[in-house]
Structures are given as structure tokens and as C-alpha cells.
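Go by the hints and put chains B and C onto chain A.
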Amino acid sequence: MDASLFTVQPASPEPIYRQIVEQLRRLIAGGQLGAGDALPSVREVAGFHAINPMTVSRAYGLAEAEGLLERLRGRGMVVAATGRNVQTQAQRLTLLEPSLLMLARQTRELELPADAVLRRLARMLES
Amino acid sequence: MNIKRALLLPWQVAHVAVRWLALALFGAAVVGATAFGIFSHQPDMWVRTAGVIGVAEALIGSSCLMNPVLLAIDAHQLRMPGIERQAMAGVLLNGVLGSFAPAVVIGWFSGHVLVLAVFVALFCVGGFLWSLLPRYAGLVLYLAALKATMFTSWVPGPGKAHFLAWALPALVLGLVLVAVCWRRWVLAPNPYRMSRRSPPVLRLGLGAAVAGRGPHSQLNRRHPWLQARADLRGCGPRHPVRSLRVALGGSYQPLTTMGWLRQSVLVIAAVAMLVAWIAVMILQGEAARTFSGILHSDAMTFLVAGGVCVSIIYASSCLGHLRLRWSCVNAELPLLALLPGLGTGVKRDLLRASLWPPLRILLLAALLALALVTRLSGRAEVFALLAPISAAGYLVAFTLLIFSGQRPGRWTMLGLNSLGLLLFGGGLFALPFSSTGGASALSVVLLWGLFLIAWLALAAILLWSARLGWRGLQRRPHPFLSN
Amino acid sequence: MNAMPDPSCHTAVPPLAVRDLVHCYEGSNVLTGVNLVLQPGSVLGLIGRNGAGKSTLIRAMLGLLQPLSGTATVFGEPALKLGDASKARLAYVPQQPEALAWLTARQMLDFVGRFYPRWDQGFADRTLERWQIPPNKLLARLSPGERQRVDLIRALASQPELLVLDEPAAALDPVARRELLREIALRAGESGTTVLFSTHIVSDLERVASDVAFLHQGRLLMHCTIDETKERYGRLWLPERIHYAAPTQSLSRRRHDDGSLSLVVERDANGAWPEAANLPGARVDALGLEDLFVEIAE
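Protein chains in written order, with this note's numbering: chain A, 17 to 143; chain B, 10 to 492; chain C, 6 to 303.
Honestly, the hints are just simulated from the structure, not real lab data. For each residue, glycine too, the CB sits at the ideal point set by N, CA and C. There could be a bad hint or two in this list.
[To be verified] From the derived model, a few chain A residues whose C-beta atoms are all more than 10 Å from chain C:
{"#": "1", "residue": "107"}
{"#": "2", "residue": "138"}
{"#": "3", "residue": "143"}
[Stated by the list, open to error] Here chain C is said to cover these stretches of chain A; the calculated rule only asks that three of the stretch's residues, wherever they fall, bring their Cβ under 8 Å from a Cβ of chain C:
{"#": "4", "region": "61–69"}
{"#": "5", "region": "124–137"}
[Stated by the list, open to error] Computed list of lysine to any residue pairs in SDA-like fashion (alpha-carbon distance at most 25 Å, straight line):
{"#": "6", "chain 1": "C", "residue 1": "86", "chain 2": "C", "residue 2": "100"}
{"#": "7", "chain 1": "B", "residue 1": "356", "chain 2": "B", "residue 2": "372"}
{"#": "8", "chain 1": "C", "residue 1": "86", "chain 2": "B", "residue 2": "479"}
{"#": "9", "chain 1": "C", "residue 1": "86", "chain 2": "B", "residue 2": "488"}
{"#": "10", "chain 1": "C", "residue 1": "86", "chain 2": "B", "residue 2": "476"}
{"#": "11", "chain 1": "B", "residue 1": "13", "chain 2": "B", "residue 2": "91"}
{"#": "12", "chain 1": "C", "residue 1": "86", "chain 2": "B", "residue 2": "355"}
{"#": "13", "chain 1": "C", "residue 1": "86", "chain 2": "B", "residue 2": "358"}
{"#": "14", "chain 1": "C", "residue 1": "142", "chain 2": "B", "residue 2": "266"}
The following block holds chain A by itself, in its conformation from the complex:
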């Protein structure tokens, strides 16, 4: 895998390290990155996107702490073997968190009652 794996939008309100972690989560959850796949080095990512290497290592460190990545001697960062299959429900739910937050905010802005929205959501999930 090379550094073009990620896209970086520096002007976004979301910090770059979060953008990278988020993309890692999606890539692993979506199967584009399989267990044992090597990730581009910090230097490669930083050089390719012209971003601060500290940002990249911070993102990798966070992903490592989450159990998405692991550090192998001699190979650098690879996707953790325990990756996708054993993701707990709670972990998967956190991926949905941003969309839910957005939904909650818009519900408040439209001044809709919560139960009406939940009913509608439940119907959508069932169909």
C-alpha cells in the first residue's frame, strides 16, 4: 500500500490525524485493508501529502491503541490480525457516531419531536 491510500483535506474542520484514523477504520471495516497488510511509513505519508510527520505518527498511534493496527518489528505498521472479525458491537457503533450526531443536531434544528424521528428511523431500519 502506498501513501495515496489516504486523502487529506487540510482545510476541513476535522484535524488531519482524525481524518487518517477515520479513513483507516473505513478501509479496514470495508475490507480494502486486510489483516497483515503493511501500511505506508510515516515518512512516505508525510512526504506524499506534505504534512507534518508528527500528525501521521499520532494517527497511527491512535489506531494502534484502538487495536486497528499493530507494530511489527522490521515491517512497521500492519493491519492487526484481530481486525475486522472480532470488532465488538460497541466498536462498530462508534463508526456510526458522526452520522448519528448529525441526525441529532438536525432534529433539534427542525424542532421535531424525538419519538417521531425514532419511529421513522425504526421503520427505515426494518424495511
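Coordinates of chains B and C only, in the frame set by chain A:
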């Protein structure tokens, strides 16, 4: 058209200091020369008087009076109506007034108003032409004037008969040339883009400011082949003085022989032309048959005056270069301030690098002048000696002031300027008078006493400024702080 | 906290520090009491409007001007009296550099290189070629962008521990700018070079900077890590009917024509927005740096 407005226009365009300086110079020339003309009791003294006024008129004509051409250029470029005509009228009116008014005054005592007016007007048109024609034409004008003063039998002077026979057509021809040049620069599609043929009015003073030329326009304009190449051999932390000279640039930088030749090829060509010209005149042997004849002719006066101007211009161009370098915050100053290896004696090294190269040249000029003085045993040529020496004094004092960030007070500057003007102008005026020995003994003593006092005062002010600069430099943590 | 480089390259003295810096030009105050300490290995982006005093601050920090009051130190030494050792560890590129216009690019690099003990001539030659700069043309004849690149090569080839750049990207095209940012980023990451650069192009800063400092009207409005800035500040919008609930503490406050209110607010220690954000109709938007800058500086 409003005549008063037109008359004032060239002066409104000029920088305020230049305006007063020019008026002071002109006033001093008219009053001083007329007074000498009256008191000297020599029959043809009024010719010299008119000549001195003419030189002042030429200086003003070439500086202030030509500024309206810039106005006309801008008015044309911005398609603003009416201003161009007003600018032209302003120049003409001032030229006519400047030629006739002194002619009437001198003519009051000696007659010949028309002859005198035409004589002064010739100088004035010469000044116009100098600033409107390309630079090399200026040298031709200077040589023509030199020749005219040498071959008085060939070209009858204003005291002789038939003067008007050549002077009037020459005046008309000059005016036609002025008009042609004026039209050319006003209608030029891109007049401010400098080329070899750009006239001094666009290159110097206000013209340079209007053209918005950066500090390195000279480097930009010159053909690469004529560009001086710095000699970097021996630079480095072990030779801080030489390295600093490279960093100062301009006439300070060490050059290879080839680089020096390349840079000065134009100056060398001009000097060679001058020497050849004089040689031809000696060979033709019209006015002056011998070498000493040449030395004692009026032409020599011209040469000495030229030398005085050159040494002063050289010193002020060096100072201008330094001042510019010390006002740029993004040029050499930060580089030098943060350059490792210059060591702790950097102030002393900087002074050595900045003072020695120009002083060497001025010293050479002083030696040349000294040779001239001993050869001539003339009094006026002492000015030729004093010019490089006082230029050196200015150079030292102001270099120190620039490095120290000190600015001399307003009165000091006023004193320096007026004394400089007095000595410079006085030198120019005294030269033609004293070389004839026509002035009375009393006036000569008075004159020399006055100049001696002025010179001592100048030296005192320069010393005081140098001391101010020296102390300021000692107080600065490092000399590379911008002003 | 934010990731710091390897602690072994930490030295006790910060590469750059200023305290209570005050300076003015002809009566108008440019800096009114600036305190700033640059941590070793950090990349600090200094941001501010034109005329905010960025260049003056940088020049005062490096001892290129004598401030009215306050102290500036470089590697612990007073900035106005730097020794050769400190100078050799530092490189500065001014805005629109004009130095030594009478030399060619190669001559200039040759001349300056003789003074730096760690000068990398190979890098200078390679980069001149890679950036397609005619080496034998006088600097005066190069375009502003080319001159800026030559000066950047000069600064980078001396392998400084502290790199100070004043508006480095101003005269560069997007490709050259990206290349410069890459160079800065990698140097900071690998050699632990501390970098200070001023800019008003916010996206440059967001890429490579680890810290950001806002300079506004001669004062430092904030100085924190770039990620923290993005996460900690937001814009709170309140419609007219609840504008009374606006928190008193805010970085900026703007009333719109319709009576609604925009404020730049900060999360508290627990990461929560001020209470007014939870009122019905209120809205909190995350802010990019550029928006944050505009909100504050307007």
C-alpha cells in the same frame, strides 16, 4: 491658459528641497556673478558673468525644469487633457524668463541685452537637451562646449561680432530638437522601460522615482556582457573584510581584472574620447599651441569643474548605495546579521570594507589634482584639490552615520548643504574669475577669506557628524540593523 | 497531549523565546507585549492579517531590530548579540529576499556556504537543478519566485536546527509551494528541525504546522497546537429570541442584521460546549482554521 499656473508648474512638480536648492543656486549665481561683473572694471567681464549664470541655468534646466516632461508623459498615458500643453508652456515660460531676466540685469550695466539673453538661453537649451537626449549625447554636448571655449576664433564668443549669426540659428535648432525629443518621450508606448537610449530625465531624480525602479535596475539594464562579475576568490570566514566587500556590492565589491574592465568599459571609452579630443585640439593648434597653453585656457576650467563634479557625484553615489542597503530589511542586512564566522571585530571590519575602496579612488583624484595645482600654481585649481578631499570627508562622516542609524539634526544638514553649495558653487564661479586675474585684489582676498572660513566650518561639521556616527555605532549591538 | 518528537533532541533552552516584546514604528504600535516560546522540534505557523506585525515580530525575535522594550533570545543567547555558534544553527529567509543581487545564484550559494560549518553543497546543487533555476544568471535578473527559491535553498543547505521563514510561499506557485512544505515537513520530522513560519495562506499552515499562533493588532490572541485549535473552538450561532443566553466568555462576538448572534466559543475542561449551545435553535459549527481566523480577526 493660466500663465501664473504654467509658470509655477515646474516648481510644483519638483521635490521641495530640490526646488529651494535650485532657486538658491540660481539666485546666488545671478547676484554673485553680477556683483563681480560690476566691481571688476574689466571690459569683457560681463561675458564671464553671463557664462556663470548660464552654467547655473543649464544645471536648473537639466534638473527641475525638465520634470514637467514626466507630468506630460503621465497625462498622455492616462489620457488626461490639457496638462501636456500646460507642462510645455511651463517649461518654455521658465526658460525665457530665466534667460531674459538676468540678461536685462547685466545689460543694464553693459548693454547687449539680446546677445546676453541668447547666450544664457543657449546654456538653458543645452541643459534641456542634456536631460532629454540619450546619455552619450550629453558627453557630446559637454565636448562641444569645451571646443567652443577653446576655439574662440572659430566660434565667435558673445563679446565678438557675428555672435548672433551662429548663436540664433543654433538656439532655434536646439529648440526644435527639444520639441522633437519631448514629443518622442511623451508619445512613447512604454517610456519608463529603461534602455540604452533612455534620457537622464527618466533615469535620474524624480524620473527614477516615477519609473519606480528598484535598487538593482542598473544590474537589470546592463547587457550581461558589460556586467561586472564579483571576484569571490579568498572570501570566507578567514577574510572578513573581503567578504564584507562582496556583501556591500556596488563599487565596493572586489572584481577580477576582466570584471573591472567589463564594468568600466563605458567610462574608459568616455575618457579615451576626451583625451583624443584634447589631443586633436593640440595637434590642430588653433587656440592653444602648447601643452601649458591648454592648461591655462578656459577649457581647463571646464575640465577642472568636470572633475569637481565627478568626485562629488562619486562620493554621493557610494553613500546612496550604502543608504539603500541599510534601509532594505530583506536584503543583505539580515543575511549579514545572521552569518556565522564574521567574528567579534565585525564593526571594525565593516568600516575597513566600506571606507577604503572609495577613499582609495578619491585619494587618487586628490593626487591628480595636486599634480595639477603644483604644475599650475593657480589659486582656483585648489578647488580641484579640495573637492576630492571634502568628498572624502562627507563619505567618512556619512558612512558612520548610516551604520550607526543616527540622523544628523535638521540644522546640521542645513549647514552642510548650504556650505557644500557655497563651496561647490563658489568653486565653479571663482574658477573663471580668478583664472583671468581680472578681479581686484581686495575682492580676491575677501573671496578667499570667505572660502577659508566656509571650508573650516564644513570640516568642523563633518568632524562633529563623524563623531556622532562613531559613538552611535559603538552603542549598537551589531551594525546590521536597518534604519 | 500532542505527540512530541523524540525526547533525546530536547534541549533545556527553547530555540526562540520572546518576553514582553513591545515595538512601534513612528508612533503607531506594532507589537504590544508579545510573549512566545518556541518548543524544540515544533513547527509553528504564525498567522495574522497584513500589517498585524508578523514580520516585525520575526525580525525582533532574531535580533534584526532593536525592540522598544522586552527581550528576545535565540538558543538562550540574547538575539541582538548572537555568537557564531548560534548563528550557524539558524537560518532565516525574509519576505521577498533581495540579498546579493549582484551575484549569480551559484556564486551566492558558494559565497554564503563558506561560512556555514555544516553546509551541504550537494543539496544546493541538486535543488538548484531540480527547481530549474539558471545558476549563472545574476540574481537581479531572476523573477521574485526564483529568488525566493534560491534563498530557500540557501537556508536549507546550511542544515539549520532552527528555520525561520517569513511568508515563504508568497511568491511561489502551487507546485513549488507544495514542494517547499514537503521539505519543511520532512526536515521537522527527521532532523528535528524547529520551524517558525509566517503566512496568511492558512491551508499551508494546516498541512505542516504542529502549532499555530494568531497575531492580531500587535498581540498574540492564541498559541496552541493545531489539532487542539480545531477541536476546541467552534462557532455558536444563536437566533435573536435567545441571544440573551450568550455566554460572556467568547473570543469574538458578531451581531447579524437579523438580530442573531455568532460567537467563537471554547470547550470547557470536560470537552463540553457552553450551556447556551444546548438551547433549542442554537447551533454549534466546527470551524476550520481559516474560518476561525476570519471570525476572530474581523
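Going down the list of hints, with the structure as the test:
1. 107: holds, 21 Å
2. 138: Its Cβ never comes within 10 Å of chain C, the nearest being 24 Å, so this holds.
3. 143: holds, 31 Å
4. 61–69: holds (count 7)
5. 124–137: holds (count 3)
6. C:86 <-> C:100: holds, 23 Å
7. B:356 <-> B:372: Holds, at about 23 Å.
8. C:86 <-> B:479: Distance of about 19 Å is within 25 Å: holds.
9. C:86 <-> B:488: holds, 11 Å
10. C:86 <-> B:476: The given pair, whose Cα atoms are some 24 Å apart, holds under the 25 Å limit.
11. B:13 <-> B:91: holds, 15 Å
12. C:86 <-> B:355: Distance ~12 Å between residue 86 of chain C and residue 355 of chain B Cα, so the pair holds.
13. C:86 <-> B:358: The hint holds at about 17 Å.
14. C:142 <-> B:266: It holds: about 20 Å lies between the C-alpha atoms, which stays within 25 Å.
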